[in-house]
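In order, the protein sequence lines correspond to chains A, B and C. FYI, the working numbering numbers position 327 of the first sequence as 330, with every residue one higher than the one before it. FYI, the working numbering numbers position 99 of the second sequence as 111, with every residue one higher than the one before it. FYI, the working numbering numbers position 428 of the third sequence as 833, with every residue one higher than the one before it.
No lab work stands behind these hints: they were computed from the structure. Here the structure is a predicted model, which means the values were calculated and not measured. Glycine residues also receive a C-beta, built at the ideal position from the N, C-alpha and C atoms.
Quick list of simulated restraints, FRET-style, between CB atoms:
1) B/Ile151 with A/Pro386: 24 to 34 Å
2) B/Leu240 with A/Asp132: 20 to 30 Å
3) B/Leu240 with A/Ser33: 34 to 44 Å
4) A/Arg387 with B/Ile140: 21 to 31 Å
5) B/Ser153 with C/Lys893: 54 to 64 Å
6) A/Asp132 with B/Ile140: 33 to 43 Å
7) B/Ile151 with A/Asp474: 53 to 63 Å
8) A/Ser435 with B/Ile17: 40 to 50 Å
9) B/Pro105 with C/Ala542: 29 to 39 Å
10) C/Arg810 with B/Ser79: 44 to 54 Å
11) B/Ile140 with C/Ala822: 55 to 65 Å
12) A/Ser129 with B/Pro155: 54 to 64 Å
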Amino acid sequence: MTKPLLEVRRLTIEAFQPETGWRKVVHDVSFDVFPGEVVALIGESGGGKTTIGLTALGYVRPGMRLAGGKVLFNGENILSFSQERLRLFRGASVAYVAQSASAALNPSITIGNQISEGIVQHGLMSAADAKRRTLELLKALSLPDPPHLAMRYPQETSGGQQQRVMTAMSLSCGPRLLVLDEPTTALDVTTQMQVLKTIKDALKEFDASAIYVSHDLAVVSQIATRILVLRNGRIVEAGDTFDVLERPSHEYTRALRAAVRKLPHVEDLPQQRTVARSEPSVSVKNVRATYDNPSIFRRGPAPADVLHGVSLDVYPGEVLAVVGESGSGKSTLARVIAGLHSAREGKVLFRGQAVSSRASRRSKECLKSVQIVFQSPEQALNPRATVAQAIGRPLAFYFGMSRSDRRRRVEELLEMVGIPPEYADKYPKEMSGGERQRVAIARALAAEPSVIICDEFLSALDTIVAAQIVDLMKSLRDRLGTAYIFISHDLATVADIADRVAVMQHGRVVELAAIGEVFGARRHQYTAELIRSVPEMRLGWLESALSGVAGT
Amino acid sequence: MLNLITRRLFFALLALFATSVIVFAATEVLPGDVAQAILGQEATPELLKSLRQELGLNRSPVERYFSWLGGFVTGDLGHSLASKADVLQTIKPRLANTLALAAYAAIVAVPLSVLLGIICAAYPNRLIDRIFSVVSVFIVSIPEFVVGLLLVSVFAVQLRWFPAVVVRLNWSEPLSLLVQLMLPMLTLLCTIVAHTVRMTRAALLDVLSMPYIEMALLKGMSRWRIILRHGLPNAIGPIASVVALNLGYLVSGVALVEVVFAYPGLGRLMVDSISYRDLPLIQATAMIMCLMFIIFNLIADILAVLFKPRGASVR
Amino acid sequence: MKKDTIKSLGFGQFAGQQSIDRRTLLKVSASIAAGATAGLLLPSGHALAEEPKRGGKIRVATNDASPADQLDPARLNTFTDGLRTYFVYEKLTEIDANGKHVPQLATSWGSDKSASTWTFELRPGVTFHNGKKLTAADVVHTYKRILDKATASLGRSYITDVKAVRADGDSHVVFELEAPNAEFPIRTALRWMGIVFEGAADFPKDTIGTGPWKLQDFQPGIVASYKRNENYWRSGLPYIDEIESIGIGDEAARLNALISGEVDVIQAVNSKAVARINGTGTAKALVASGGPMATFSMRADTAPFTNNDIRTALKHAFDRKRFLDLAFDGVGVIGMDHPVPPSDPFFNKDLPMPKADPDMVKSLLAKAGAANTEFELHTSDANYGGSNAAVVLGELMKSNGAKVRVTRHPADSYWTAVYMQAAWSASSWTVRPTALAWIEAGWIKGAAYNEGFWSDPRVDQLVRQAKQELDETKRRKMVYDAQEIIAKDGSSIIPIFVPWIDGVNNRVQNLKAHPLLFCGAGQWAEVWLNA
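The shape of chain A in the complex, shown without the other chains:
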């Protein structure tokens, strides 16, 4: 048998928490990665997956420390390397692909320079050779027009391209091992499928092994040779991909498996609810919108319209899902409705009344009736405000509640979203992602809106937590009769919760129909592609789905 490339032995890592002090987050973890293997680390967020993955680069994040164990690469303990040795090791022997390429690529360095600097700084090639190599890498990752792309800045490219660029960057110094940290999670389904395929091919082409960190069993099943299931920092199950998928032995693995949302067949859809069609809560009439140039340093052509005449209605108590790949205009539509972005043409009506396209010019009543919950509660919640302050602000603003009334209402709202009332005095950073998103929902509910816009608000959460929040939404919908505009690329969830679906592509609504129709036979070609891209938890799905796309 060949020698393992990476040996992790009895790895124990502690994290510092202000209340509890140093606490173990990774317990006694051991595993090997052999050449040519892709080992998946899977589990819910906070399970220690990324922490373990990063030790393969000899890196422990600030606020954490190594409490025991070894990480051997080619038989050498990299945790005992000197600073300089470690620097030369990183990128050249083991490379990292971060979860969010948009955050992990430097906005002020061109794509080409970001890729080639690794090669030059490791002293592998001259600058000119590195430049040539960069173009080869971009080409190998199926990126269009590499010479042009190399001169652009990351934010001038799409999410899928950014993820490929980062993968190219990780491969630049010819590492033997890649640590891929949820590389496709932030992408929409159609892009995810393609990026996944590119990564899989690239690993083969560049003869690299990988540690693949993910929470999505369906995605992992397409690329991993072995799966390690982590829970609370311990390996609870390990085995070949097929075994783990088909014969999970640990209860937690089974729960993960069950949480993978399969696309329902029409007959499996929840019974179609009847929503009374009274006056729409929100109507959008023929809205066009564009983005003006945000910076004088921005290069490239003037951007085209992102919304080309979108019209739709949302009725009271209804859940209208808006689906489509990134860049299709979903989020812009949400921002136009919320008054955060001005429409160039067309209008937005609340209960039949046209409203200003700017939130700052809308009446208080008008502002109150539409609330928005964003993808990332980290950005939406002020880190310096407690939960009570965050939820209390709309209470004071819209209802002028006294301090003590506010407190009571905050606790009611927290209870409604399943958060213990004592969380009222916590700060966002003291809570998990799922808890923060619940707080964000509670804050939206505080205004007692007639419509809540949920903009991809589950995509940052792992499957089990996301499923809980979907259940919460359903119960709130039924109890409060609030309408939802549910913006998502997750068709499985959409199928679970939506009454109607609007499918968007290139800034247009290409299909708008009841859930049953969309998932039924009569569907738009693009809708079909979207549905086909939802990963399925079976080996070989990726290849067969892609050949299907290729065939269309």
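With the hints as your guide, set chains B and C onto chain A.
Showing chains B and C alone in chain A's frame:
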């Protein structure tokens, strides 16, 4: 973007207008009768009466405000009550002196504090950073005139390296001018360096906590390459606006330093004018100081907009 | 009194006034002139020990500096303006450092019998800095300017009794007064009376006098510099080639400039700075023997101070030396409850200093039925010594059996809202040129600043008589009597005269403190520098 700058400009003008009202109102309510203050104790009733007439003190405040504002806008700042000299001509050389001192301080302070800020950010919570933060808290908490007096007692009185007062600026010999202005420059330096270093450090540390910095580390980049190539360009915006803000402070906060060194600048002119209730001079100096503060704030705002990290555009 | 800016200049004393006709006048004045000239040329006392040296430059830091700085003697405003004009201009007469009234541009003067027409004879051979010869026309122009209301001279109020001023030939000037004034010649020594050339009106351009230095450079609020007048009428003088006067408003900065040797003389420091300056070893504090006055006046028209027993009790309820030490660091001159400072030639030397006397306080208050009355003293930081001086006074009085409560007021509104309104309030006076001028300013009926609301017909009468009395011995007796009445019956507690204090580098020689102004009143012609 242009729209944004236009808006900032508009607000700056609004602030200027508000400032003019406040400056005028504040000088109106300065305690003591102007005519009495000018004539002093020997004022006789008939002298007082004729002086009031001459000063237009018998017109209504609103009337006086608008004629003053009109004059200010057209560059006619009026005449000093006490010396009868044209205010603009009185102010010009003083303003030049103040700007010279401020520029000297800025030229030394800005590179120094940005450099120190970078060093502190490179070694957060390490010895050098802690030493600097203790020192800067110390400096920030001492009023600048005390800093000035301390510097004077050490470098002028004890060591006699630099002059304790600067009355005639030696323009003909630039080198000796630099030596002459050393102590006031150092005093001003103390007032802005601490703040600029802390803000530079904070801005850079903010950037250094971004995921792309961790990425650069994991790509095997060295510490200084990460800081200078990956971090600094993304922190330029906030740093530039902190610098601009501090320059505004430098110009408007220079008054006390000028008094300590008897420096013939705009700030001392204002202080001197206040003791004489010389309203046109007080108003003009106050307005010019506010104007400069507003201009530097505007520059700070515009820099913040211009250098907004490209990734931060709304999407 | 009061406030900060202007103060009138005072003088010490008269030289001889003889009642003479034109011929006798000239005879008498010749002898005066001879004596005076001898005195001027022969420095007294220790100054003789060293040989004066020519040359060098003195840098003086003044406390006032503003764009309002003046070089027009008629319009001068601050003490610093006064100092500045002393370098350039001269007057008909002068008060020297000993308080003596001496000739300057006039060699002699005299009046008719009624003391209402005064004639001055001008010194021959005096030229202005521009080479023009001094004549009576220049003097007439100078005085007409001051008397012209449009000039707005603060000096005008001292000579409003001048009905006419005219030249009598080139070398005599005649002043006709509306009423007799035996002290009139002294008023020609006031700092506003600097002689400018005929036609001078545009200052600082016309800053041309007859004084020891010529103006060289003037930047209001910043600096003024002067160069030696090579044609000065006092041959061999001045010793100093160049003077530079710079404004340093901040006292700490002035001290630093002195200690670091960047300036040689600093004007106006606090009594607390005296020890520090003397401690340097390189400089000394120059403390004048007289100066402005601090008062604590009770309103004699308001209960309980209508009763002189109470006023007398309070005058004896504190130890004056202790008060001086505690409130003014021991730097100052003790006052006797009348407004004449000990430096004045007419100061009544026979009056005893009121002593702290608890028994007397007790019995007088009991007699007045005020044994348990609490007296409220009002003050503010606008006063000399700050409000601290009143607090010290109150504590001393309490320890001697008088119940005193001190109330502090904001400095800004003190003079308009409290002073001369409250029954008992602190006040600060600038100097007056003569004992009579002091008494006239606040201790006669109808005086502008009669802050005690007190007058006595005897004092009024004595002042009237003294102004007409040309005989000095008789006049001195009248002023003595007035002081005694005021001290005994008056309603002001006057514990201290606050001296002018300057700092002077040791290399500056023969700079003498002057009772009437800072920095030896700028009489620097005989000052020289040791290397």
